[in-house]
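The listed protein sequences correspond, in order, to chains A and B. Reminder that position 48 of the first sequence reads as 42 in this note's numbering, one-by-one numbering, no gaps. Reminder that position 54 of the second sequence reads as 395 in this note's numbering, one-by-one numbering, no gaps.
These are calculated hints, taken from the structure and not from any lab test. Warning: the hint list may mix true and false statements.
[Unchecked claim] List of simulated lysine to any residue pairs, SDA-like, C-alpha gap at most 20 Å:
| # | chain 1 | residue 1 | chain 2 | residue 2 |
| --- | --- | --- | --- | --- |
| 1 | B | Lys447 | B | Ala414 |
| 2 | A | Lys94 | B | Leu375 |
| 3 | B | Lys402 | B | Arg514 |
| 4 | A | Lys39 | B | Lys368 |
| 5 | B | Lys368 | A | Asp54 |
[Unchecked claim] So the derived list for chain A, only partly shown, Cβ under 10 Å to chain B, looks like this:
| # | residue |
| --- | --- |
| 6 | Gln41 |
| 7 | Gly51 |
| 8 | Asp55 |
| 9 | Leu56 |
| 10 | Lys58 |
| 11 | Arg80 |
| 12 | Gly82 |
| 13 | Asp83 |
| 14 | Ile85 |
| 15 | Arg139 |
Idealized CB from N, CA, C, for every residue including glycine.
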Amino acid sequence: MRKVLFLCVLIFSFSSNVFAEAEPVEDPAIKERFKAVASELRCLKCQNQTIWDSKAGLADDLRKQIRQQIYAGKSDTEIVEYMVTRYGDFIRYKPAMDGKNMMLWIGPFVFMFIGGIMLVRYINIRRKETKNENVEEISEEDHLRARKILEEGGDK
Amino acid sequence: MVRYLAPVIIFAGMIGFFYVGLQKDPKILPSALLDKPAPTFTLTQLHKPELNFSPADMKGKVWLLNVWASWCAACRSEHPLFMEIARTSDIPLVGLNYKDEAGNAKQWLRQLGDPYVLSAADLDGFVGIDFGVYGVPESFIIDKEGVIRYKHVGPVSRDDWRKVLLPKIQELRG
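Modelling step: build the complete structure from the supplied sequences, incorporating the hints.
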């Protein structure tokens, strides 16, 4: 029993230490900004994670760098710019809306527009076709035959 | 006719894009620093902590900055090549000892040989961040004016050296 208790104390004291080290107590406003900036940047080591999410050593360093710059009074855009000049556009988790990235942003809408036009044209063509089918003349003979079928239950 | 050919053409186009796109290694990023002046820094030297190193010291030379660390397994694989380059050519190799511990780093060089003119000690990795380092090893070719002219990510193979890096250096030397 004492051993179990000792183990529990050991485990919990250790884990609480880890958390204390990972997140030093600080101004919630700064923490909010820190999280926002770190979530906007890609961890280049594990490319589908943000710097905020990643546990890679590089992400750790970049988090330190972001925190330092926030304390140094840099604005969020300045910090992102700092990262982009070093690591390139790819570090932005959300690509910037400029020249060569424009296709990423407007591409889906362009394709949707083209698809929409094609859909409308297709519907129009189909509508015309079915209309033509409807106006097809039915001869007097067929009329009589149809009536006969309906009234007598078909001519056997 | 167009009606039946259009899907085939679109499909062929997609195949073309995928064929080219999927063969690229997404881990290799273009350097944002290409053709820009190398970031300035001043670091102490690994073997002579009383001396500093700064890229300005290399002005007038075409040199190779190699980012390495004793904990980096891939650095081992490119090391013999650098030993050979140091032995057989006069291209200055400068090491940037990235996020390492001085004792381990020196031990590593004692064991495998030291191809570097000197190694600058970037213990906290901040110079690495300035150079946009995201995976060790990385190698930068810096020209006489201190401008980064080429960046290689990952271990340099003999083929890379013979076909890309060496010609680039020779071209820059003029």
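Quick rundown of the hints versus the structure:
1. B/Lys447 / B/Ala414: 16 Å, holds
2. A/Lys94 / B/Leu375: 18 Å, holds
3. B/Lys402 / B/Arg514: The hint holds at about 8 Å.
4. A/Lys39 / B/Lys368: 8 Å, holds
5. B/Lys368 / A/Asp54: 19 Å, holds
6. Gln41: Cβ of A/Gln41 sits 7 Å from chain B, so the hint holds.
7. Gly51: Holds. Min distance 7 Å.
8. Asp55: 5 Å, holds
9. Leu56: The hint holds - A/Leu56 has a Cβ within 10 Å of chain B, the shortest such distance being about 7 Å.
10. Lys58: 8 Å, holds
11. Arg80: 4 Å, holds
12. Gly82: Since chain B brings a Cβ to about 4 Å from A/Gly82, closer than 10 Å, the hint holds.
13. Asp83: Status holds, d = 8 Å.
14. Ile85: 9 Å, holds
15. Arg139: 39 Å, violated
Hint compliance for this structure: hint 15 alone is broken.
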